[in-house]
Amino acid sequence: MKKRYLLGVFLLSCFIAKGQDSTIKSSVKNVEAKVDSVLALMTLEEKVGQLVQYNGSWDLTGPASEMNNKQKEENLKAGKVGAMLNVLSVEATREAQKLVMENSRLKIPLMFGYDVIHGYTTIFPVPLAETASWDLEAMERTAEIAAVESAANGVNWTFSPMIDVSRDARWGRIMEGSGEDPYLTSKVAVAKVKGYQSNDLANPRSIAATAKHFAGYGFGEAGRDYNTVHIGENELHNTILPPFKEAAKAGVATFMNAFNDIDGTPATAHKTLQRDILKKEWDWDGFVVSDWGSIPEMIAHGLARDKKHAAQIALNAGSDMDMEGGAYESSLVSLVEEGKVSQEYIDDAVKRVLRVKFKLGLFDDPYLYSNPELLENISFEEHKNVARDVAKKSIVLLKNENDLLPIQDSIKKIAVIGPLADDKDTPIGNWRAQGEANSAVSLLEGLKNNMNEDVEISYAKGANLGMGERSFLMPLKINETDTSGFQEAINKASEADLVIMALGEDAFQTGEGRSQVDVGLAGVQQDLLEEIRKVNKNIVLVLINGRPMEITYASENIPAIVEAWQLGSESGNAIADVLLGDYNPSGKLPVSFPRAVGQEPLYYNQKSTGRPSNPTHVTYSGYTDEKKDALYPFGFGLSYTSFEYGDLTISEEEFTPGSPIEVSFSLSNTGEKEGKEIVQLYIKDIVASTTRPIKELKGFEAVSLAPGETKTVTFEINEEMLQFYTANEKWESEAGEFEVMVGGNSRDLQTVKFSLKK
Numbered sequence: 001m002k003k004r005y006l007l008g009v010f011l012l013s014c015f016i017a018k019g020q021d022s023t024i025k026s027s028v029k030n031v032e033a034k035v036d037s038v039l040a041l042m043t044l045e046e047k048v049g050q051l052v053q054y055n056g057s058w059d060l061t062g063p064a065s066e067m068n069n070k071q072k073e074e075n076l077k078a079g080k081v082g083a084m085l086n087v088l089s090v091e092a093t094r095e096a097q098k099l100v101m102e103n104s105r106l107k108i109p110l111m112f113g114y115d116v117i118h119g120y121t122t123i124f125p126v127p128l129a130e131t132a133s134w135d136l137e138a139m140e141r142t143a144e145i146a147a148v149e150s151a152a153n154g155v156n157w158t159f160s161p162m163i164d165v166s167r168d169a170r171w172g173r174i175m176e177g178s179g180e181d182p183y184l185t186s187k188v189a190v191a192k193v194k195g196y197q198s199n200d201l202a203n204p205r206s207i208a209a210t211a212k213h214f215a216g217y218g219f220g221e222a223g224r225d226y227n228t229v230h231i232g233e234n235e236l237h238n239t240i241l242p243p244f245k246e247a248a249k250a251g252v253a254t255f256m257n258a259f260n261d262i263d264g265t266p267a268t269a270h271k272t273l274q275r276d277i278l279k280k281e282w283d284w285d286g287f288v289v290s291d292w293g294s295i296p297e298m299i300a301h302g303l304a305r306d307k308k309h310a311a312q313i314a315l316n317a318g319s320d321m322d323m324e325g326g327a328y329e330s331s332l333v334s335l336v337e338e339g340k341v342s343q344e345y346i347d348d349a350v351k352r353v354l355r356v357k358f359k360l361g362l363f364d365d366p367y368l369y370s371n372p373e374l375l376e377n378i379s380f381e382e383h384k385n386v387a388r389d390v391a392k393k394s395i396v397l398l399k400n401e402n403d404l405l406p407i408q409d410s411i412k413k414i415a416v417i418g419p420l421a422d423d424k425d426t427p428i429g430n431w432r433a434q435g436e437a438n439s440a441v442s443l444l445e446g447l448k449n450n451m452n453e454d455v456e457i458s459y460a461k462g463a464n465l466g467m468g469e470r471s472f473l474m475p476l477k478i479n480e481t482d483t484s485g486f487q488e489a490i491n492k493a494s495e496a497d498l499v500i501m502a503l504g505e506d507a508f509q510t511g512e513g514r515s516q517v518d519v520g521l522a523g524v525q526q527d528l529l530e531e532i533r534k535v536n537k538n539i540v541l542v543l544i545n546g547r548p549m550e551i552t553y554a555s556e557n558i559p560a561i562v563e564a565w566q567l568g569s570e571s572g573n574a575i576a577d578v579l580l581g582d583y584n585p586s587g588k589l590p591v592s593f594p595r596a597v598g599q600e601p602l603y604y605n606q607k608s609t610g611r612p613s614n615p616t617h618v619t620y621s622g623y624t625d626e627k628k629d630a631l632y633p634f635g636f637g638l639s640y641t642s643f644e645y646g647d648l649t650i651s652e653e654e655f656t657p658g659s660p661i662e663v664s665f666s667l668s669n670t671g672e673k674e675g676k677e678i679v680q681l682y683i684k685d686i687v688a689s690t691t692r693p694i695k696e697l698k699g700f701e702a703v704s705l706a707p708g709e710t711k712t713v714t715f716e717i718n719e720e721m722l723q724f725y726t727a728n729e730k731w732e733s734e735a736g737e738f739e740v741m742v743g744g745n746s747r748d749l750q751t752v753k754f755s756l757k758k
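Counting in the UniProt record's numbering, the sequence shown runs from 1 upward without gaps.
FYI, nobody ran anything at the bench for these hints, they're computed from the structure.
It cannot be assumed that every hint is accurate.
In the PhoX-like style, the derived pairs of lysine-lysine whose C-alpha atoms are separated by at most 25 Å in a straight line are [unchecked claim]:
(1) K413 x K607
(2) K757 x K684
(3) K351 x K271
(4) K448 x K384
Using C-beta positions, here's what the derived DEER-type ranges look like [to be verified]:
(5) S89 x S689: 54 to 62 Å
(6) E95 x S484: 35 to 43 Å
(7) T43 x P657: 18 to 26 Å
(8) T483 x E95: 46 to 54 Å
(9) N199 x D748: 23 to 31 Å
(10) D527 x E672: 37 to 45 Å
(11) T483 x T272: 18 to 26 Å
(12) S89 x T690: 34 to 42 Å
(13) D527 x R747: 29 to 37 Å
(14) A702 x S334: 53 to 61 Å
(15) P615 x D403: 29 to 37 Å
(16) S484 x E376: 43 to 51 Å
(17) T691 x K627: 18 to 26 Å
(18) T272 x A702: 37 to 45 Å
Yeah, the Cβ is synthetic: ideal placement off N, Cα and C, and Gly gets one too.
Please take these sequences and the hints and turn them into a complete structure.
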């Protein structure tokens with residue numbers, strides 16, 4: 001009690017304002033003075049303790065810790081731990097916090113982190129799917145709900161959002177991000193940070209967010225997780241860093257570095273990224289946490305001799321907290337004493353951790369997130385409704401030949417077929433937090449819940465897909481041979497007016513460590529599809545998946561294709577809403593779908609080579625055996641109605657930095673149903689100091705129109721939109737000619753030119 005009083009007196013003496021508080025929004029006052037006052041009381045051992053994070057459960061998301069649980073408990077009591085992860089429930093977090101608050105000298109509260117990626121209990125679409133909605137308000141809302149459910153269970157820190165730009169369908173973790181475009185990913189990053197953290201980090205219904213993985217993680221060689229990344233300065237600054245910069249500007253509380261190396265330097269050891277760019281150039285004041293064990297993994301990288309050497313490299317590079325690596329707690333004290341790590345760097349790291357804890361309100365109430373009353377006040381029914389709403393907005397209609405969809409009243413017999421048709425687990429997706437296994441509404445259930453009673457629905461699985469153990473760590477076995485269920489499916493398909501086939505990926509085919517060389521339909525699914533088509537060509541293919549897939553056969557032979565992703569708790573009901581026409585699909589692809597896996601990595605905003613095309617010769621940048629463009633391009637998505645874009649007009653053909661111009665066009669609904677079109681604005685820099693992409697997304701807007709209605713859509717073009725990381729190695733615009741393009745996807749666009757004068 002006396003020690004707690006001593007700390008309190010010291011804090012009260014420093015409550016006067018000390019400069020401007022940091023960018024992380026919080027109602028807590030005078031944070032910097034409070035941080036300094038606590039730091040002044042700390043021993044070196046206590047400072048190092050704040051930079052240590054322990055795993056606190058057997059629900060492991062990585063290799064097991066070397067330290068036994070008893071030793072962990074003793075270190076908690078001694079104030080040698082700054083944060084824990086995987087400690088879930090208000091009871092568990094309260095007990096862990098009590099170990100610190102009732103035993104340690106300074107009683108500095110713990111933070112409790114968890115991978116809340118697309119929901120905590122209520123599961124929303126996987127992030128790639130949710131991005132297909134292009135609805136930033138909906139994304140902010142789902143993050144807000146995830147924060148409330150997390151906080152009600154003792155968690156005050158999520159390792160989300162993942163804002164790695166990713167262009168390779170082979171990379172399993174592509175499902176966890178927002179796709180291939182830096183602009184769209186930047187917008188999603190800000191929405192997610194706002195949703196998790198609200199306008200007040202000390203609000204017990206908000207939690208600290210994490211921008212990850214800093215940086216380049218989505219560019220792993222050959223799509224392999226944790227792998228080497230080969231990028232130059234131009235691509236780093238123009239493609240990879242923009243979403244992270246926007247997250248930092250939005251006040252994200254923490255960053256997480258990445259497993260990969262970049263041009264020979266592991267991200268955990270990257271001083272230029274962590275100290276020079278993030279903390280100095282961007283003036284960001286949160287803290288950087290390593291990914292699980294990534295600090296000692298530098299030994300395997302061949303950069304560090306041992307854990308002590310790894311700790312020296314990581315701390316000096318700007319990695320503030322060691323997640324389950326055991327390197328900081330075992331080595332930092334001696335490294336400071338030996339002069340290999342400066343006291344200044346230690347103090348800076350500790351201040352960053354303390355700052356976030358103060359902002360969270362933990363010093364005012366260490367048990368703020370161990371309040372059982374919060375859980376009692378949550379409306380899970382409301383959360384379920386939001387899950388259904390965002391899920392249906394995330395569905396993308398890829399093909400609809402002869403208006404097969406929505407399902408017509410004349411259809412009286414429907415055969416629902418496929419290994420994912422009555423799967424209640426796969427829609428939950430990977431990285432499912434506390435989402436209950438087999439708790440999703442399946443496609444079959446959704447149809448039965450919402451279909452008219454006079455429609456006869458039959459079901460046949462046809463074949464298994466994923467088999468054996470289903471867990472985060474273990475590989476999934478795929479059924480490659482068993483076709484014994486084909487005949488039942490064929491029989492039911494032959495008797496139906498319409499076949500709905502649910503194919504794609506098991507939940508445990510995508511996610512961390514689940515890279516694949518083949519991104520087509522795994523196992524016997526393709527054979528099943530072809531056999532069903534022989535007896536009934538009236539097929540709606542519903543894809544349930546976490547990554548872009550190679551579906552060339554289906555695109556050429558199946559009349560209707562719906563990209564339904566892994567949509568979360570309300571998946572089946574949301575898909576039924578679209579198939580039955582209760583919701584007109586409005587989703588647009590956030591990633592390009594390949595014609596063949598050999599096109600990967602694939603993305604719309606490529607650069608033009610010196611030989612971009614040649615219709616008669618082979619001497620150009622393409623393939624001799626396949627087209628080089630996407631099967632379905634970035635931004636693509638159909639509707640049950642049709643939209644017509646009027647001619648593009650521009651207010652001025654040239655402008656200066658202080659005088660923006662406007663581009664306008666009319667958008668008409670020329671169909672018979674109300675619909676929503678996500679109009680997209682792209683810009684091309686024709687001549688620049690470095691080579692530039694053939695087009696870049698720079699704006700988008702959702703426009704809802706009744707049948708026959710026309711609206712004028714206007715975008716402003718300003719100088720900031722034209723900035724990039726130039727040959728001068730800084731962000732700036734350059735005078736010259738540009739093209740502005742507008743349309744419903746990245747391929748089908750109309751263009752006008754303008755100039756920037758400086």
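The hints, checked one at a time:
Simply put, K413 and K607 have alpha-carbon atoms about 50 Å apart, too far for the 25 Å limit, and the pair is violated. The suggested pairing of K757 with K684 holds, with an alpha-carbon distance near 16 Å, which does not exceed 25 Å. Simply put, K351 and K271 have alpha-carbon atoms about 19 Å apart, close enough for the 25 Å limit, and the pair holds. The straight-line distance between the Cα atoms of K448 and K384 is roughly 18 Å, inside the 25 Å bound, and the hint therefore holds.
Between S89 and S689 the CB atoms are about 56 Å apart, so this pair conforms to the stated range of 54 to 62 Å. Taken as a hint, the range 35 to 43 Å is violated for the pair E95 and S484, whose Cβ atoms sit roughly 51 Å apart. The given range of 18 to 26 Å is broken by T43 and P657, whose C-beta atoms sit roughly 53 Å from each other. Look at T483 against E95: about 52 Å separates their beta carbons, and that is inside 46 to 54 Å.
Between N199 and D748 the CB atoms are about 39 Å apart, so this pair departs from the stated range of 23 to 31 Å. The hinted window of 37 to 45 Å between D527 and E672 holds, with their beta carbons roughly 38 Å apart. Taking the beta carbon of each, T483 and T272 are about 54 Å apart, not inside 18 to 26 Å as hinted. The beta-carbon spacing between S89 and T690, approximately 52 Å, falls outside the hinted interval of 34 to 42 Å.
Distance hint check for D527 and R747: the Cβ-Cβ separation is about 31 Å, which falls inside the suggested range of 29 to 37 Å. One distance hint, 53 to 61 Å for the beta-carbon pair A702 and S334, holds here, with the actual separation near 57 Å. A beta carbon spacing of about 34 Å between P615 and D403 agrees with the range 29 to 37 Å that was offered as a hint. Remark: the range hint 43 to 51 Å for S484 to E376 is upheld by a beta-carbon distance near 49 Å.
Separated by about 23 Å at the C-beta atoms, T691 and K627 satisfy the suggested range of 18 to 26 Å. With their beta carbons about 38 Å apart, T272 and A702 fall inside the hinted range of 37 to 45 Å.
Hint compliance for this structure: hints 1, 6, 7, 9, 11 and 12 are not met, and every other hint is.
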